[in-house]
Amino acid sequence: MDPYVLKTINEERRARRAAVLVTDLGDGRDRIVREGDPVAGDLGTAIANAFRTGNSGSVEAEGRTFFLNAHLPRPRLVVIGAVHISQALAPMARIAGYPVEIIDPRTAFATPERFPDVALHAEWPEDVLKRAPLDGYTALAAVTHDPKIDDFALKAALDARCFYVGALGSRKTHAKRVERLLALGAGADQIARIHAPIGLDIGAASPAEIAVAVLAQTIHAFRSRGLETKGAVA
Amino acid sequence: MDESIYLDEARDPLIIAEGWMKDGKDVAIATVVETWGSAPRPIGSHLVIDAEGNFHGSVSGGCVEGAVVTEAMDVIGSGKARMLEFGVADETAWQVGLSCGGRIKVYVERLG
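Residue numbers (the numbering used here), protein chains in the order written: chain V, 1 to 234; chain B, 1 to 112.
Think of the hints as simulated: they come from the structure by calculation, not from any bench. Any given hint could be a false lead.
Unchecked claim - Sample of chain B residues with no beta-carbon within 12 Å of chain V, all distances over it, derived: (1) Ala51; (2) Glu52; (3) Asn54; (4) Ser58; (5) Gly61; (6) Val69; (7) Thr70; (8) Met73; (9) Asp74; (10) Gly77.
To be verified - Cut-off 30 Å, straight-line C-alpha distance, at most; resulting in silico cross-link-like pairs (DSS-like, lysine-lysine): (11) B:Lys105 <-> B:Lys25; (12) V:Lys130 <-> V:Lys7; (13) B:Lys105 <-> B:Lys22; (14) V:Lys7 <-> B:Lys25; (15) B:Lys105 <-> V:Lys7; (16) B:Lys80 <-> B:Lys22; (17) V:Lys130 <-> V:Lys155; (18) B:Lys80 <-> V:Lys7; (19) V:Lys148 <-> V:Lys130; (20) V:Lys176 <-> V:Lys155; (21) B:Lys22 <-> V:Lys7; (22) V:Lys148 <-> V:Lys176.
As the structure is a computational prediction, the values presented were derived from the model and not from experiment. No residue lacks a Cβ here, since even glycine has one placed at the ideal position from N, Cα and C.
Using the sequences and the hints given, assemble the complete structure.
Okay, structure coming up:
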């Protein structure tokens, strides 16, 4: 392995950025491909697949054998709102492999009794996200119904290119939210990325069922990351 | 289950290899590149070895690490990468009901 390649892959991993380490098993030469870097042919297809699934493996291309080691940051789910939905969502998401953090400045809601074994911040999103910024491997679900709490976090999630952004509320509620986000300086194309009403349409009726719908939508967003753009390139 | 979203720097093999490199040590990196059956460690797992035989990480959960470390010494000496293949018929394989065990292919290369 090239020392520079080792240094670079570690930098990427520390910064929570995805990278694939490509090693030619014939001559040992290696290089790093970052998410979105264009790579042509069968090798490019295999690399795109490694980014999407996180699975490592060997591939034959151009008469050579390459080993692709996929280094994907661990995805996480940040929930704005310590409400009923979040109580169901936190344990389910953790089982599915998405550690959860919950942020809600309302101390009556954000109590350890209501949220055992969850990373819980009884603070404003502005303060928490300053310390632990959102990134492309973070999903954000805003479920407080309160613009004072949700809006800043939603704008931050769009700016950080979170792989999933969802917001609770009816279409009417969302229409008003769109106006407010535009006023905050978000672009219309950014705002279009928000899933609202939140969750896959499974007819969810209870808080726990809404949690299932949100988790399913989060997983779908994660596993289909970048597919639209890559399809356009191919 | 480790739930941190950040690297465990004290235990991460590639971080440790980089540290050894900065200390001026000769280092080999072993990587699981293929598995069949009930291989205990997934594809992409690393074992890193220095010239004194110190090692961190795992390619088989303990079954073949000794052999990999020995081969890694030669790789550090010669600078020529090697592909190793092992059958793994260990306790884990028994426990999951696969007494035939699994097979793994491990690529061992020198750093630099």
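Hints and how they fare:
Once the 12 Å rule is applied to beta carbons, B:Ala51 is consistent with being away from chain V; the minimum gap is 15 Å. With a cut of 12 Å on Cβ distances, B:Glu52 stays outside the contact zone with chain V, its closest approach being about 19 Å. Even its closest Cβ contact with chain V, about 17 Å, leaves B:Asn54 beyond 12 Å, as expected for a residue assigned away from the interface. In this structure B:Ser58 is separated from chain V by more than 12 Å, as the shortest Cβ-Cβ distance comes to about 15 Å.
Chain V leaves B:Gly61 outside its interface by the beta-carbon criterion, the shortest separation being 17 Å against a cut-off of 12 Å. Every Cβ of chain V is farther than 12 Å from the Cβ of B:Val69; the closest lies at roughly 17 Å, confirming the non-interface assignment. No beta-carbon of chain V comes within 12 Å of the beta-carbon of B:Thr70; the shortest separation is about 20 Å. For B:Met73, the requirement that its beta carbon stay farther than 12 Å from each beta carbon of chain V is met, with the minimum near 17 Å.
Distance check for B:Asp74 against chain V: the nearest CB is about 15 Å away, which clears 12 Å, and the non-interface claim stands. The beta carbon of B:Gly77 sits about 16 Å from the closest Cβ of chain V, which is more than 12 Å, so the claim that it is off the interface holds. Restraint check: the Cα-Cα separation between B:Lys105 and B:Lys25 comes to about 26 Å, which is no more than 30 Å; the hinted pair holds. Our distance criterion of 30 Å between C-alpha atoms is met by V:Lys130 and V:Lys7, whose separation comes to about 27 Å.
For the suggested pair B:Lys105 and B:Lys22, the alpha carbons sit about 29 Å apart, so the restraint of at most 30 Å is met. Restraint check: the Cα-Cα separation between V:Lys7 and B:Lys25 comes to about 15 Å, which is no more than 30 Å; the hinted pair holds. Only pairs whose Cα atoms come within 30 Å are accepted, and B:Lys105 paired with V:Lys7 is accepted, the gap being roughly 25 Å. Annotation: proposed proximity of B:Lys80 to B:Lys22 holds, straight-line Cα distance about 22 Å (limit 30 Å).
Among the hinted pairs, V:Lys130 with V:Lys155 is consistent with the structure: their alpha-carbon atoms are about 13 Å apart, no more than 30 Å. The hinted pair formed by B:Lys80 and V:Lys7 meets the criterion: a straight-line CA distance of about 21 Å does not exceed 30 Å. A threshold of 30 Å between alpha carbons decides the hint, and for V:Lys148 with V:Lys130 the separation of about 17 Å falls inside it, so the pair holds. Between the alpha carbons of V:Lys176 and V:Lys155 the distance comes to roughly 14 Å, so the proposed pair stays at or under 30 Å and holds.
Of the pairs offered as hints, the one joining B:Lys22 and V:Lys7 holds, with about 10 Å between alpha carbons and a cut-off of 30 Å not exceeded. A C-alpha spacing of about 13 Å is found between V:Lys148 and V:Lys176, which places the hinted pair at or below 30 Å, so the restraint holds.
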